[in-house]
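Q: Those sequence lines, one after another, are chains A and B. Using our numbering, read the first sequence as starting at 1 and increasing by one per residue. Using our numbering, read the second sequence as starting at 1001 and increasing by one per residue.
Treat the hints as calculated values from the structure; they're not laboratory data. These figures come from a predicted structure and were not determined experimentally. Some hints here could point you the wrong way.
Stated by the list, open to error - Footprint (simulated), chain B over chain A, 3 or more residues, beta carbon under 8 Å:
no.: 1; segment: 54-68
no.: 2; segment: 140-146
no.: 3; segment: 225-236
Idealized CB from N, CA, C, for every residue including glycine.
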Amino acid sequence: MTKIGMGYRRPLHDWIVERSDSLDCLEVTAEHFFGSDRELLGQLRTRFPLYVHGLGLSLGTPGPLEASTLEQFKEVADSADAVHVSEHVAFTRSGETDLGHLNPLPRTEVSLATFVEHARELAAATGRRVLLENITTHLETGGELSEPEFLNRLCAESGCALLIDITNLHINSRNHNFNAEAWFDELDPANVAQLHIVGYDRRDGVYHDSHAQPIQDDLLALAQHALARSPVESIILERDQRFEAIDEIEADLGKLRSLVSSIERSA
Amino acid sequence: MKTPAPIDWVTAQTRLLRDPQLRAQFRRDPAKLARDMSLAPTDAALLAQLCPDQLDAQARALIDKRMHEAFQLLPRTVANLGSATRSLFISHALRFWPKGHQRHASDALAFCRSLPPEFRRFVDQGEVNRLRFRLAPAAVRFHWITRIGRSGARFLGVHVLFQLRRRLRQFQFGIALPE
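So here's chain B without its partners, still in its complex pose:
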């Protein structure tokens, strides 16, 4: 069997924090997992002494912080999704780790795109447009909107976004469609 390449402490701890299955293995046999990760002996000994409950708490805190930041950017979508939101976000968050200083916006947008088909109608298109504008700013941008509002009432319109004095400005216009 091929021996895995040696890794540093930060890589090992990061893998544990992002992967619940690896944490479950750690809980069963910390010393074995530390050895299997090919850490330096002193790091392996320290890793094996980590408290599994504290690792879980730290991992939860990382997801909770991401969720808090993303939900601040998606208040209407979160309200539309209701009680399902948290479990949907956790499912997304375990598969996708955003990068860079725009990570909160990237995370929020990726969350919307990750939703299973039956939940996509709850996404507020205006919030998604704002995120796209934030991640790729332009002087002005137009988007079609085909749905708006918490109730999902049908609406056909245009969402205009632009920057003025360093702030995002926006307005929407259109017509409500008969149910």
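The following block holds chain A by itself, in its conformation from the complex:
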């Protein structure tokens, strides 16, 4: 049975605790717990299976992972007794500058080798299964491999699995004009272990991942496509803005629950 969960955010804490029966699992952001609030993680893990999701390990940066960041990440994963850990197929910094947000790399053998090495390093450091997530980007970086080929190779060579962000995939497909379902069908379905989803924004004809909107129908259709093809263990609803719209969040969780039920009934 595919679990339905939320990305844990502090403004949602009281609601999450009160409505714990409507959530099967939680995803916590590693960096939000660096150096603090391990006690809170201990409390959350008694109520929910926890996944630890990273934003700043910068797996695409050549050279060893930053030791202090990796150590703090590991401490959070241990405190959460994480079911798995996840990060992004991206870089956030070079040796000179921390850009602070996710950026794409060209899909070359060289960058593949960097990601494979770092996925293994993360798995070894945390002692946990690693899931890697597709990002949204305005910049097409090219390379000799297609994105699904790159992800398939990454899983095969590192032993990691995939966290497919349905919203990122949809946004990229609209902004860069490709077919999202065909993209998904090129993935090895056995590698897809988790989905992220949240509504998108559209401004001046460009799609954005502002993590602020209810899930739109075209996202649900793409999630249905993914669920019908892959052994997805969990779906995480990500919401980073407009936390006051609890009714929207509850409605989104209901939609995901209905979707999973319909897929499982028809299976």
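We have chain A already, so just place chain B on it with the hints.
A: For chain B alone, coordinates are given in the frame of chain A:
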């Protein structure tokens, strides 16, 4: 002329994303800039194929995300600064790149400190105190406040910040001064 040390793709892309002047050079002659950066030949060829408009869009998105995070920590200051806020933040953001997991708070604090003198009176001292507390937590901390409020009405008081049950608590007391 000394040949620059070879750099990797991530360093090259990062330099392009943080530097509008370098992106302007790239727009004029991508192949030349890729060669000048001393990238490996395969990386140089890929870099030269990047779309300048997409590079600009990605660079804008990075600044917009930073701005969004910083402004969530500075709602009163942003309201006080009004329409000037965005251009002031962009000017700050191109000169300063925060590091580490507290980067949003660092960015917001550095933004306040970067403001030209004529804009500093719009900074909400209470928000700055909260950022300082967040970046260097203590059991309790006291700050003098000499100005508060959107209108800039004069106020002399004390801002007390402390942690209770893992949450920042705070209160202020003082007196309003005659204009």
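Q: Each of the hints needs a verdict: does it hold here or not?
A: Structure-based check of all given hints:
no., hint, result
1, 54-68, "holds (count 4)"
2, 140-146, "holds (count 4)"
3, 225-236, "violated (count 0)"
Going down the numbered hints, you'll see the structure goes against just number 3.
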